[in-house]
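S.K.: Sequence:
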Amino acid sequence: MWRERVLDWFTGFDVLIAPVVARPAPVAGWGTDAGYLRAYLAGARGIPYTQPWNLAGLPALSLPLGGTPRRPGAVQLVATDEETVLRAAATLERLAQSAPVPSNALVRPVPGGPAKA
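Counting along the sequence shown from 1, when you hit position 46 you're at 46 in the numbering used here, and nothing is skipped either side.
Don't read these hints as lab results, they were simulated from the structure. Incorrect hints may have been included.
[As the list claims (entries may be wrong)] Quick list of simulated restraints, FRET-style, between CB atoms:
hint: 1; residue 1: W9; residue 2: Y36; range: 34 to 40 Å
hint: 2; residue 1: Y49; residue 2: Q97; range: 21 to 27 Å
hint: 3; residue 1: E82; residue 2: D33; range: 34 to 40 Å
C-beta atoms are modelled at their ideal positions from N, C-alpha and C, and glycine is treated no differently.
All chains should be modelled from the sequences, with the hints used to inform the complete structure.
M.R.: Here you go:
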């Protein structure tokens with residue numbers, strides 16, 4: 001029933017762009033001393049936006065976009081078929097690489113990120 005409802009919603013849209021995580025990414029290396037269960041549970045609470053699409057069986061991907069070297073950012077792309085997801089990701093990545101970054105931006109491109117095509 002969930003899959004049918006989601007597919008019905010997608011009749012009006014090609015791609016959904018959504019957050020990947022519910023909060024800023026932790027600093028690189030966080031959780032290495034926290035123990036497996038604590039780190040797992042903390043991580044699971046931070047990723048509620050990916051689960052609905054997994055349950056519906058729809059293709060989705062996480063596209064690294066913005067952030068800082070120690071706290072990368074990303075967006076999630078969801079569609080009803082893989083070709084649409086991959087095409088949208090390539091387009092968004094290309095547009096993001098050519099967009100100027102405002103001097104007062106809170107999020108900056110990650111140095112050494114995806115290479116320009």
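S.K.: Checking against the hints above, which ones are violated?
M.R.: none
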